[in-house]
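Take the given structure of chain A and dock chain B to it, following the hints.
Line by line, the protein sequences are chains A and B.
Counting from 0, one number per residue, gives the positions in the first sequence under numbering that gives the first Met the number 0.
Counting from 0, one number per residue, gives the positions in the second sequence under numbering that gives the first Met the number 0.
The set of hints was computed from the structure by calculation and includes no laboratory data.
Keep in mind that a hint or two might mislead.
In the DSBU-like style, the derived pairs of lysine-lysine whose C-alpha atoms are separated by at most 35 angstroms in a straight line are [said to hold, decoys possible]:
1. A:K71 <-> A:K87
2. B:K49 <-> A:K184
3. A:K184 <-> A:K71
4. B:K133 <-> A:K184
5. B:K244 <-> B:K51
6. B:K102 <-> A:K184
7. A:K227 <-> A:K87
8. B:K102 <-> B:K251
9. A:K227 <-> A:K184
So these bits of chain A aren't anywhere near chain B, every CB distance computed over 10 angstroms [unchecked claim]:
10. M0
11. R4
12. Q208
Below, a sample of chain A positions facing chain B; criterion: calculated Cβ distance under 10 angstroms [what the hints assert, rightly or not]:
13. V3
14. F14
15. A18
16. T21
17. Q25
18. N62
19. G63
20. D64
21. A119
22. H149
23. P153
24. L165
25. F175
Yeah, the Cβ is synthetic: ideal placement off N, Cα and C, and Gly gets one too.
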Amino acid sequence: MWQVRTVLSFLTIYFFWFAVFTQYNQIGTYTRTTMFAYLLVAAFLRNLVLWSDSYHACVEIANGDLNNYLLKPLSYFGNWLARDWADKILNLLFFVPELALLIIIFRIPLVFPTSLWVWAWFIVLAILGSLLYFLFSFLVSSFSFWYPEHDGWPLRFFMLMFLDFLSGAAFPLDIFPQPVTTLFKFLPTSYFIYFPTQVYLGRLSFSDQLSGLVIMLFWLLVFFYLVKIVWHKGLQIYGAYGR
Amino acid sequence: MSLKKYWRCWLTMGAMTFSSLMSTRLASLLFISGKIARIFLFILLLLALKTKITLLSGYTLDQLLIFYLIYTLFDLLGQIFFRGIYWYRSDLLSGNFDFTLTKPLSPLFQVLVNHTDWLDIPPLILTVIFLIYKLPSVSVSTLLGFIFLSFLAMILITAVHIFVAAIGVLTLEVDHTIWIFRDLSQMARFPVDIYTQGVQFFLTYIIPIAFIFTFPAKILLGLLSGRLILITVLVTVAFYWLVIKFWQYALKTYASASS
Numbered sequence: 000m001w002q003v004r005t006v007l008s009f010l011t012i013y014f015f016w017f018a019v020f021t022q023y024n025q026i027g028t029y030t031r032t033t034m035f036a037y038l039l040v041a042a043f044l045r046n047l048v049l050w051s052d053s054y055h056a057c058v059e060i061a062n063g064d065l066n067n068y069l070l071k072p073l074s075y076f077g078n079w080l081a082r083d084w085a086d087k088i089l090n091l092l093f094f095v096p097e098l099a100l101l102i103i104i105f106r107i108p109l110v111f112p113t114s115l116w117v118w119a120w121f122i123v124l125a126i127l128g129s130l131l132y133f134l135f136s137f138l139v140s141s142f143s144f145w146y147p148e149h150d151g152w153p154l155r156f157f158m159l160m161f162l163d164f165l166s167g168a169a170f171p172l173d174i175f176p177q178p179v180t181t182l183f184k185f186l187p188t189s190y191f192i193y194f195p196t197q198v199y200l201g202r203l204s205f206s207d208q209l210s211g212l213v214i215m216l217f218w219l220l221v222f223f224y225l226v227k228i229v230w231h232k233g234l235q236i237y238g239a240y241g242r
Numbered sequence: 000m001s002l003k004k005y006w007r008c009w010l011t012m013g014a015m016t017f018s019s020l021m022s023t024r025l026a027s028l029l030f031i032s033g034k035i036a037r038i039f040l041f042i043l044l045l046l047a048l049k050t051k052i053t054l055l056s057g058y059t060l061d062q063l064l065i066f067y068l069i070y071t072l073f074d075l076l077g078q079i080f081f082r083g084i085y086w087y088r089s090d091l092l093s094g095n096f097d098f099t100l101t102k103p104l105s106p107l108f109q110v111l112v113n114h115t116d117w118l119d120i121p122p123l124i125l126t127v128i129f130l131i132y133k134l135p136s137v138s139v140s141t142l143l144g145f146i147f148l149s150f151l152a153m154i155l156i157t158a159v160h161i162f163v164a165a166i167g168v169l170t171l172e173v174d175h176t177i178w179i180f181r182d183l184s185q186m187a188r189f190p191v192d193i194y195t196q197g198v199q200f201f202l203t204y205i206i207p208i209a210f211i212f213t214f215p216a217k218i219l220l221g222l223l224s225g226r227l228i229l230i231t232v233l234v235t236v237a238f239y240w241l242v243i244k245f246w247q248y249a250l251k252t253y254a255s256a257s258s
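With the rest of the complex left out, here is chain A (with noise of 0.2 angstroms):
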């Protein structure tokens, strides 16, 4: 049922650019191929970079389950990491033939990157992208350790009401006037979907290419370190609630 959720997500959207394209040739600087190029790319992104089963995290820090680990040698941060890559590619098993299916049904047009060069480009950016998002939503987490109840759930759903949207997985977030996308060109959650999907589609000049790969290296250490701080705050005042 919840392979159901994800197509239908991505068909919820689909359709409603479908409608745009059948009377417009080009919306801002978006052809009907690029568009559904843009749509695929996303899709596929959102299924590997917001993928996460590490949200799981903040339920145990809320629950006190967070004990059965600390107690073990074994890193907790690099156990979720493994077991949310396990997740990702476990997902992704499901998802890429069943979006296959949907271009064969739907005869949605492939653009594929024009070089090797660019599709190795893509895949590390795809893999930083995920690993920026495992250390935004371990943040998120750790909320838990100062606010436990409803497990942690309501900053994370804060935090979902608004990943949609500014990760560009609907929509590319340059459809906006241009002083609101530049803002969104600093902001980290343009570096999950958005800012790989462009590269995958070649519509980044070199330098924006760069400039991006250097604001997205930022945020991974500043997530880093705000993670490794937050955690050992975290940590100090833990109370295994629920034990």
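Frame of chain A, contents of chain B only:
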């Protein structure tokens, strides 16, 4: 049991839910803020599209905004009154549903309305204010037509939740079923007319999403024919009747397996 007693039961359960929400104020604040942010962000997207699109399937962007606000209105109303369905699966799994069946209250009433989501009230008020601000002047007859179709929409929303509850009894699957309905209903953030004919048919006659979300907006904009109002009445009556029969059938198969 009389309607007055059901009303008192609902008030008591609502007051208990409210107390529970007030005991975790920060959580409630985050939930409300998230819900309001979702509405604002979508309106922001529509405003961005306004600079690129003049008409979509004959609708102006201002009209599309009305369709979105009506979608939000009924989506929130469904959640305010029928949030209980999200807690219902655990009762089925644990066998606590037996207690629901043995009480001198309709089990459907208990399943659907035992949890009123007061956190949806602030975004609802905001939506209504937006609607009043954005709507062109509406005649009394149009307003009466809207109220009538809103009543039918609420019956259909109730029917959908009963259908989900019945599926739950038969298969123990509840959460995904209601989420699939909500995912599908997101397509009604825009009028269903913009989609291809196959999708339109699906969203109108297979799952009555158009009757719940699109038609009330259309009548407000003076775009709904008398024939479609009649069809809405017939579909609502037929769908509700079928769903009640389905619920009764599901209850007969309930085996109370886990208790």
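Comparing the hints with the structure gives:
{"no.": "1", "hint": "A:K71 <-> A:K87", "verdict": "25 angstroms, holds"}
{"no.": "2", "hint": "B:K49 <-> A:K184", "verdict": "22 angstroms, holds"}
{"no.": "3", "hint": "A:K184 <-> A:K71", "verdict": "41 angstroms, violated"}
{"no.": "4", "hint": "B:K133 <-> A:K184", "verdict": "32 angstroms, holds"}
{"no.": "5", "hint": "B:K244 <-> B:K51", "verdict": "48 angstroms, violated"}
{"no.": "6", "hint": "B:K102 <-> A:K184", "verdict": "57 angstroms, violated"}
{"no.": "7", "hint": "A:K227 <-> A:K87", "verdict": "24 angstroms, holds"}
{"no.": "8", "hint": "B:K102 <-> B:K251", "verdict": "17 angstroms, holds"}
{"no.": "9", "hint": "A:K227 <-> A:K184", "verdict": "25 angstroms, holds"}
{"no.": "10", "hint": "M0", "verdict": "4 angstroms, violated"}
{"no.": "11", "hint": "R4", "verdict": "6 angstroms, violated"}
{"no.": "12", "hint": "Q208", "verdict": "24 angstroms, holds"}
{"no.": "13", "hint": "V3", "verdict": "6 angstroms, holds"}
{"no.": "14", "hint": "F14", "verdict": "5 angstroms, holds"}
{"no.": "15", "hint": "A18", "verdict": "4 angstroms, holds"}
{"no.": "16", "hint": "T21", "verdict": "8 angstroms, holds"}
{"no.": "17", "hint": "Q25", "verdict": "9 angstroms, holds"}
{"no.": "18", "hint": "N62", "verdict": "16 angstroms, violated"}
{"no.": "19", "hint": "G63", "verdict": "18 angstroms, violated"}
{"no.": "20", "hint": "D64", "verdict": "19 angstroms, violated"}
{"no.": "21", "hint": "A119", "verdict": "33 angstroms, violated"}
{"no.": "22", "hint": "H149", "verdict": "5 angstroms, holds"}
{"no.": "23", "hint": "P153", "verdict": "4 angstroms, holds"}
{"no.": "24", "hint": "L165", "verdict": "8 angstroms, holds"}
{"no.": "25", "hint": "F175", "verdict": "5 angstroms, holds"}
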